[in-house]
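Student: Protein chains in written order, with my numbering: chain G, 15 to 289; chain B, 14 to 242; chain P, 651 to 966; chain Y, 3 to 319; chain D, 2 to 192.
Please keep in mind that the hints were generated in silico from the structure rather than gathered at the bench. Hints are supplied without guarantee of correctness; some may be wrong.
[As the list claims (entries may be wrong)] Below 16 Å or equal to it, Euclidean Cα-Cα: the simulated EDC-like pairs (lysine to aspartate or glutamate) are:
(1) D/Lys188 with D/Glu172
(2) D/Lys76 with B/Asp161
(3) P/Lys769 with Y/Glu135
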Amino acid sequence: MFRLDPDTFKRIHPIEFHRRFLANGIRPDGRESLLSWRTPVVHTGSITTCNGSAMVRVGATAVLCGIKAEIAVPSAAEPTRGFVVSNVDLPALCSSNFRPGAPGEFTQSISDTVQSVVESAVDMDGLCIEPDRAVWVLYADIVFLNYEGAAMDAALLALMAALRNTRLPSKTVYSPTDGTVRASSDLSVPITLKHLPVASTFGVVEAGGGRMLMADPTEDEDAIVGSRVSVVVDALSGDLMGTFGGHIPLELLEQSVVLATQRAKEVGQIVGASK
Amino acid sequence: MVLQRSDGRTDNLQLRPPTTTLSPLSRADGSARFAYGKSAVLAAVYGPKEVRLRDELLDSAKIEVLFRPLVGLSGTTERLYEKTIREILESVILKHLHPRTSVQTFEGADDDSSSLILSCAINATILALMDAGVGLKSMVASVTCIIDDSNQLVLDPSAEEIKGAKSVHVFTFDNVSKDVTSCVSTGVYTYEQYKSVFEVSQSACASVQAVYRQTMENKVGGVETVDEE
Amino acid sequence: MDSVDRKRIHGPDKSVLPLPLLDSQHESVTSKTTLNPSARFDGRTHEEVRPLFARTAMVSQANGSAYIEVGCIKIICAVYGPKQITTKSKSGDHHSGGRISCDVRLAPFAGLKRKGYMKDTNEHSLAKNLATALTPSLLLAHLPKSQIDIHIQILQATAGHVSASSTSSATVLPPPSFATNLSLLLSPCITVASLALADAGIEMMDSVVGCSVGLFRRTDKNSLFWMVDPSEEERETRALGGGVWVGNAVVGVMPSVGRISGLVVDGDVGDVGVLMEAVNVCVDACAKVHDVVVKKALVDGFHAASSPVSGSSSAV
Amino acid sequence: MAVSVCEREFTLTGVASNIRSDGRGRSDVRAAAVESGGISQASGSCRVSSAGGTTVLVGIKVAVGAPAVTASTAADADLDADIAVDNSEDAELSISDADLRRGRVVCAIDCNPAIIPTMDPRAVEDLCIDFSEVITKILNADHGGLDLQSLCIVPGSTCWVIHVDALVLGYGGNLLDTLFQATRGALHDTLIPKVTVEESTSASTGNTSYEFDVADDETEDLKGCENIPVIVTLFKIGHHHVIDPTPLEEACSDVQLSVAINRKGLPCAIQKTGNGSIEPSQLAEMIQDAKAHGATLFKDMDEAIERQRVRSLNDTK
Amino acid sequence: MAIVTPGERLGLNGEFIASHGTVEIGDHIYAAVVGTVTTTPSESDGERLIIQVVPKSKRNMAASIPEVSSIVTGKVLRVNPRMATLSIMVVGETPCADNFQGVIRVQDVRATERDKVQIYNSFRPGDIVRAEVISLGDSRSYYLSTAKNELGVILATSPAGATMIPISWEEMVCPKTKVVENRKCAKPVDA
C-alpha cells in the first residue's frame, strides 16, 4: 500500500481524512469531541480610529470589527430610529477560497444575516440626536484576517463586542439653522444594547449510519459536513434571535437549539468580561 | 371571539389556498408560478444542460439559482434567498445522476414583501423542477409563520402582518424523511414559541405538498387526454 | 459610482462626521510650533525610527504572513502561492519566470472618515510602488509559470480621532489628508510584505525594508534638513522644529546587499546632495531595522513553526 | 516584450561603449516636434512627435466642478465632494482647508494596444493608468507648478477642473517623458473663461451664498504653466543609463528612474520603476544626470512654446 | 543551530557549491530563505562542500511548484482519447499552495506498447495518480508521464463507492461488486 503523510492525505482525499477522525469522535484541530467548541478570545478597543472595535479569535479564525459613528438624516417613516450598517468582508487575504473583488454569495448572505440580527439587538431609538433631523449611523465593518470556519459565529461576536466597546460623544448639539450637529470631543457614552446575540453553528454529519451534530466545524471539515445550521441566542435572556439552516432532522434542530442556548451563556460571559 | 385578519381570514392558523400555474413559460425546460395571496413567484428551470468549464463538477450537476425581485436590483437579501434555495435544491435534486452538467433555476418575485416571498420561491422552484422532469429525492414545501406582537402564532401571514411581527419563520419540510430542509428565522422568540412553529409549519407543509400533487396530477392527466385525442 | 454597490449593506444615502463643539475648537491646534527646533515630539534623534513591532505567521491559511505596527499604523499581510498563472499572457512569457501581484486594501475604518469598499487610486498606487520595491529582491526566475499573490490589509492608517482614552494629550491635531499620508503607509507595507514573503519560504536575495524620511526647510535660513520616519504629527504640523515640510522620500532597501529597490520622492526636496544624504540615512536606518526587528521576527517565526501535527502517517 | 539573449547582449554592449543602435550616445535625445493648438474645440491642445516614432496628442478641457477631497478617482471625489458641499463646515474634520480652496487636474491616457504590439493589451492598459496617475499626482501637488488656488471659484464648493486627455498615436519609446511634454505644451495653450463671483449674505439665516457667472468670450491664461516641471526618465541598462530609449532599449532596462525637474533645476518628484535594484551611488549619479537633461529640456520646451506663441500671434494678425 | 535569514552571507563561492535555499551574488553565497545551514560533501567536486539552507516546517518550504523530474500527485479531472487532465495537488511530499494543471498524453502513459494505450483503460476521472513531470509544457499545463513502474493510479474509487484494489499493473477490482476495471496502476514502493 502507499504510505502518505497526513498533509498529503488530507490534500488528496479530504473526505476520507475527515471520516477517520469522525469515526473516532475526534477533530483534526485537537478537539476531543464532536460537540466541543473552540473558545473565543475577545480583545476590544485596539483600533483607535474607531468609536469601538473588537478583535475576536475562534481557533485560528481571526476577525476584526471596527465601528465608526457618523450623522445622518433619519427616514421619514421612523424619525427617531438610528442606523446600524454592518458589512462582513472576507478578503482574499484571509483564505485562498476567497477571490479579490466584489463579495460573493457566501459573504453577502452572512452580511445580510448579521444585519438582520443586529437590528433587533441595538436600541435604535437610542441613536436619535434630533427627531426627524439627525441620528447616529453606526458603520460596523467586520473584516476577517484569517478564516478557519465559524464565519457567522465569529462575525457576530466581533460585532457585538465592538458595539459594547463603542462610545459616542457625551454632548451633541443640533443647530436648526444650518442642520449641522456639533459633538464634544470626548467619547464616553455607551450605546444601549437590548440583547446580546451569540451565534452557534453546527454541521450535520453522517457517522455510524446515523446523522449527528458537529459543533463549530472548521473550513476543512466542510468536506464532510452535509448541511449546517446557525442558531442565534440572546445571552442575556436566553431567547432565540434567529436560526438559519439547511437540511437537518427535526430532533437535531431541537438539539442544536438546546446546545446553542447553553453555549450562548458561556460566550456571553466572555463578551461580558470585555469592555 | 371571532378573529378577523387583515385579509378576511378568521383563524390564525389558516393557510390561504395557494394558487399554482404550471408551465406558464414555453421556452424554459420547466416553469411554474406559485402564489400565497398577493405574493407570487415565477420560477423557470433550465437543465440538465452544458456547464461552463470552470463550474464543472466531476460527480454531480452544478446547481445555479438566480433570484430577482420584481422591482429594483437584487441585493444581499436576494443572495441569502439564492443561497437558501440552492442548499435546498442540492439536498433534493438527484444531482449525481447528471455529472458535468448544470441545472439553472430562475425565480422572479412578483411582490417584494418580506420573507413570504422566500416560501413562494421555494415552492415555485420545486414545482418547476417537477415540471421539467428533473429527478428529485422528495418533495419539499415551504410555509411562513410569524409570532405577532401579542405572542400569537400566525400562519401564512399577509405583508402587513409581517411588518408588525416579533419574529418571522420560514420553514421548509421534506415529505419523505419529514426532515427540516431549511429554516430561516429572524426576530426574537422563545424556545416554546419556536417549537410550536415547528409543529404548525410541518402540518401546513403537508397540505402544500397536497397542492403540488394535485397540480401535477392535473398536468399528467391533461397530457393523457391530449394523447387520447 | 453611478449605481450603488448592491453587494453590500447600505445605510442612509449620506452621512457626515459631527463637527467639534465650539468650546473644543478653541484648543490650540498649533501649540506644538513653539517646541524646541531640534527636538522631535517623541524625543527621537533625526536618524531614529519609531519603535517597530513585527511578527510572522499570523494567517494560518496563507503560505506566509506577517503583521507590523509602527506608531499608530497597523498592517497585516498574507502571501498565497506560488500558484499557476491563470490569465493568458503573450506567448513565451511563461518560461521567463514567476511574477507577483500586490493588492493593498484599507479597512473601511482605517482612516478618520469611513472609506467605502470601492478600490481607489491611493490603494492602486500603493500596490504598484510596493510591487516595484519587492520584485528586485525575489528570485522569480526559479518560479516559472507561477504567480505569488501578496494581500495587504491596512487596519489602521492614522492616529485615532480624539478618543476618550487619549484626551490627555489635549491637543486636537489638524486632520491628515489621506493623499499626503500615503507615503507614510508605503514604508511599513514594504517591510511587512517582505517579511510575509520570507515567512512563505519564497526565495529572495535579501529582505526589503522600507523607510521614509521627511524633508523640511528651516524657516530662519533657507536650508533643508531631514527627519527619518516622520510620525503623522510631525508631518501634519508643518511648522515643526522651526522648519516647513517640503517633501518626503520613501526608500525600499535591501540592507545586506546595500541596494535600493524602491524609491518614491515627492515635493521640492532641494538639491541632490541633501536628498542623497537623506536617502543614505534611510539605508542605514533600514539596516538597523533589519538587524533588530526583521531578523528577530523571522527567527522567532522559525522557532514557532512546529511541524503540523495531525496524527501519524495514514496508509491508503 | 521578450528579448533574445543576442539582442540584449548587443544593446548592453552598445550602451556600455556609448554607441547606441541608432548612432546616439547615452545622453543624446532624438529630435521632437511640438505643435500646440491643433484641436479647436479643446481649451488647449498639443501634439508632440519624436523622431523615434512616439507621437502623443493631448487635449485639455476645463469644466466647472467640485474641489477634490483626496487625490482619489474622479468619481469618488465627486461623491465625497457632494457631502462637503452640503455641509461644508463638516469638511474640516476630514479634508484640509487648502484642498477646498483650489481647483484640480484629472488626467486620462488612452492608448490603442495595437500601437504597442510588443506588449500585452492588459499591460498597455496598466501602463496608461500608471502614467496618468503620475501626471495627475504631479500636477495636483504643490510642487506641480500650476497655481491651483487661482482655479477656485467658490471656496469649498466650486472650482475649475482641468481634464487632461492624452492619446498615444505612435510608440517609439520614452512614452512618459513625451506625454508630460505634450501635457505641458497643452496647458500652456489652455485658455479658461473668466469668472465673476458675487457674494451675498442673507439677513435671515446669516448664511453666505455665492453666485458666479462664466464669461462667454473673455478668457485668461492658466496661471503657473511656466513653473510646471519636466519629467526626465533614465533607463538603466547594464551598468550605465540612457535617456530617450528605443523600445528595445526599454525592454533591456531593469531600472527606470522618472525624475521631475522644476524650473530651478532641482528634482521635485522621483519614482523608481522596473524589476531591478540600484546602488545609492549610482542613484545620485542618475539624479544628477536627470538634472542636467531637465535643464536642457526646459530650454528646448520654452523655445518651442515661444515659437508657437509667436506663430499663433502672427496667425491672428 | 544557527538560523539564517535571507540576505545573510554564508561564504565565498570558492568554498561552497550553492544549492537549495541559497543564492550567489558576485563572489558570495547568501541565504535565500529562513532556515538552518547544512553542508554536505560533493561527489563531483572534492574541494567544495554543497551548502544549502533547510526550512524547518513544510509550511515554510520553499516553492512547492512542479519542476522537471519532480514526482507529483494529482486527481484526474477529465479524460479524452488523446490525454488525461490532472489537477496537481502535491509536489514531492509537499502539498502545493494552489492546484496546478497537468496532462498525461496518451504516449506518456507507459513505457512499452505505447501505440496500444487507451486513455480510458488507464485513467478515469476522480482517480488519484502519481506521475513525473517531463516538461513545463504549454502555457496551460505541465506535461506528465506515468511511464515507470512506481507511477500510475494510486487510489481509485469504484462506481459502487469502494476503494478499488489493484490486482495487476493494469487491473483493479472493486471489493464490493468484484467488478474488474482497467487502470495503469502504480507499483507500491514499500509493499
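Student: All hints are to be evaluated individually against the structure, with a verdict given for each.
Tutor: Against the structure, the hints:
Proposed proximity of D/Lys188 and D/Glu172 is supported: the alpha carbons are some 12 Å apart, at most 16 Å. Distance check on the hinted pair: D/Lys76 and B/Asp161 sit about 54 Å apart at the alpha-carbon level, beyond 16 Å; violated. As the CA atoms of P/Lys769 and Y/Glu135 are separated by approximately 14 Å, the hinted pair is consistent with the 16 Å bound.
Comparing the model with each earlier hint shows a violation of hint 2 alone; every other hint is respected.
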